[in-house]
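*Asks:* Chains as they are written, first to last, in the working numbering: chain A, 1 to 311; chain B, 1001 to 1287.
The set of hints was computed from the structure by calculation and includes no laboratory data.
It is possible that some hints are incorrect.
Capping the alpha-carbon separation at 25 Å, the derived lysine-lysine pairs in BS3-like fashion look like this [claimed, not checked]:
1) A/Lys20 with B/Lys1168
2) A/Lys119 with B/Lys1275
3) A/Lys199 with A/Lys214
If you want the footprint, here are the derived chain A segments under chain B, 3+ residues with CB under 8 Å [said to hold, decoys possible]:
4) 43-51
5) 165-175
Quantities reported herein were computed from a predicted structural model and do not represent experimental measurements.
Virtual Cβ for every residue (Gly too), placed ideally from N, Cα, C.
The primary structure of each chain is shown beneath.
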Amino acid sequence: MEKNFISIVANKKTKSMIEKTAAMIVTGCTVVSIIAVISITMYMFISGTPAIFKVGLTDILFGRVWDPTAVDPQYGILYIILTSIVGVALALCIGVPIGVLTAVHLSEIANPRVRKIVKSAIELLAGIPSVIYGLLGILIINPLMYKLELIIFANSTTHQFTGGANLMSAILVLSIMILPTLINMTETSLRAVPDDYRKSSLALGASQIQTIFKVVLPAAKNGIMSAIVLGVGRAIGEAMAILLVAGNAVNAPLPFNSVRFLTTGIVSEMGYSSGTHRQVLYTIGLVLFIFILLINFLLTYILKRGDEHGE
Amino acid sequence: MENSLFVKKYRISDQILNILIRLSSFLSTGLLVVIIGYIAIRAIPHFSFSILTHTTSVLKGTVGILPNIINTLYMIIVTLLIAGPIGIGGAIYLNEYASNKTFVEIVSFTTEVLAGIPSIIYGLFGMLFFGEFLRLNYSILTGSLTLAIMILPIISRNTQVALQSVPKSYREAALGIGATKWYMIRTVLLPSAIPGILTGVILAMGRIIAESAALLFTAGSVAILPTNLFTHLFSSGATLTIELYIQMGRSNYDLAFVIALVLIVIVLVLNFIAKWISQKFDVNKGV
């Protein structure tokens, strides 16, 4: 073919090569996330299981004494697991009502200007680094809790004073931290409820509040459920915010005990641990990872059920 | 009169619930005001620009967070260089190329899983895989690689949404006048999707700046000025959040609050930029 001849077919070869490489590269990019998930899962299981064989599964999961540096080391993480479960559950008890009601306000009641202000505030709340929550936790919430502790246990001789660094403080911090997740997800699902529902309910004579609580919220049930599950995921995985706020001693999860969570257990000892001790910390990581996987499957299940039940 | 159509029935429960709803909304907003206010009050008396431009040194008697600022910048740039192309490429594939439905489902499931994994787990994985297995030890590169996996879902999801919002007619028009697929993506699709992609990138930046748990065991806690721009990648470097955590542990709250203020200002600015972009360049606004 001549050089100056403009042809559609002329550089077909280079073109198709570029096309093919581009397609291959983007396919490769997609595979990265799959590889990442597989390798993270593998690594968590491979590094988390040796300690189970060394110490014994029941000794780790149901042992109540955590004393890894003793002559006869004890690696019981029962209280650590229970603390994470109780802490997250109570944080939800505080966070969910506030979060859902705020979402109701945003989607059903607030005028556009108020909505804009509240929404941007919540977006910012989500962006604040978790260490800052921790810093404010020790300086604002802990002193308050200490005062409460002094009042409640004024006559107690057995209570070990925590200076306010206890489960209650950690729960308060966690409940604040899950608010943005809860509010955003719930608001989205409330907005997805068709307007006809509201109009029909109002036309039947229900008040706005009745409409919200008897029609709109039940219709958005699935969305709210997944918001809560995501909130659980966020709360159970939080480490830096509650590390110093919770007191960080392994105790039974009672409100005014200094406690240690799964996450803070890893962070606080990873720096200096070695040998079996370190492997047990990996096992704690594995336990946390399994919790997260369960939460993920639950979430997928809820969303799928929502798709089937929806129109 | 009681059942009149014209008189609104007064329900006490309605009133209570209404007040509760407004109260929770007020509380959620109030929290932010309290947080920012408290940090500002505690930080401003101790703030000076010399803190931003000096490194902490006992010998010279200076206190400063310049190394941490530089480390944070390093972390942002390197992480985005790794995760940006991968995330955007993956989104392009899912949106434009993918034809196998199960494959798409698997990929979106893994993206969900990645988004749900807590940062401490990323930290553990990064330490074990990049730090110990690949022998990168405590270094900015280890931290960046770890964070790159972590922010992948943010970038890829935002890019996907941005690509979806590009009208179908753009694609058909480009293909119709003879453009090949990749040419169409490169010259038509990506430019129209850029605002959305940028929003994702800025959100990811916010996440990188705010991250601490994933960096503690990957990037380490050393705060020295870089001597060589390239080798600094392979040395341990504490970001602003890690430095805040260290100062907090030493009960050095004055410096901790100054760092907190710097972080909050950065987060605020990023937030405004993201908002501005998504408002200014809304693809569907004019359509």
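*Asks:* Could you run down the list of hints and mark each one as holding or not?
*Replies:* Outcome of the hint check:
1. Our distance criterion of 25 Å between C-alpha atoms is met by A/Lys20 and B/Lys1168, whose separation comes to about 23 Å.
2. Restraint check for A/Lys119 and B/Lys1275: the C-alpha separation of about 12 Å stays at or below 25 Å, so the hint holds.
3. Between A/Lys199 and A/Lys214 the alpha-carbon distance is near 13 Å, which keeps this suggested pair within the 25 Å criterion.
4. Coverage of a stretch by a chain is defined here by at least three residues with a beta carbon nearer than 8 Å to that chain's beta carbons; for the segment 43-51 of chain A and chain B the count is 3, and the condition holds.
5. With a threshold of 8 Å between beta carbons, the proposed coverage of the segment 165-175 of chain A by chain B is violated, since 0 of its residues qualify and at least three are required.
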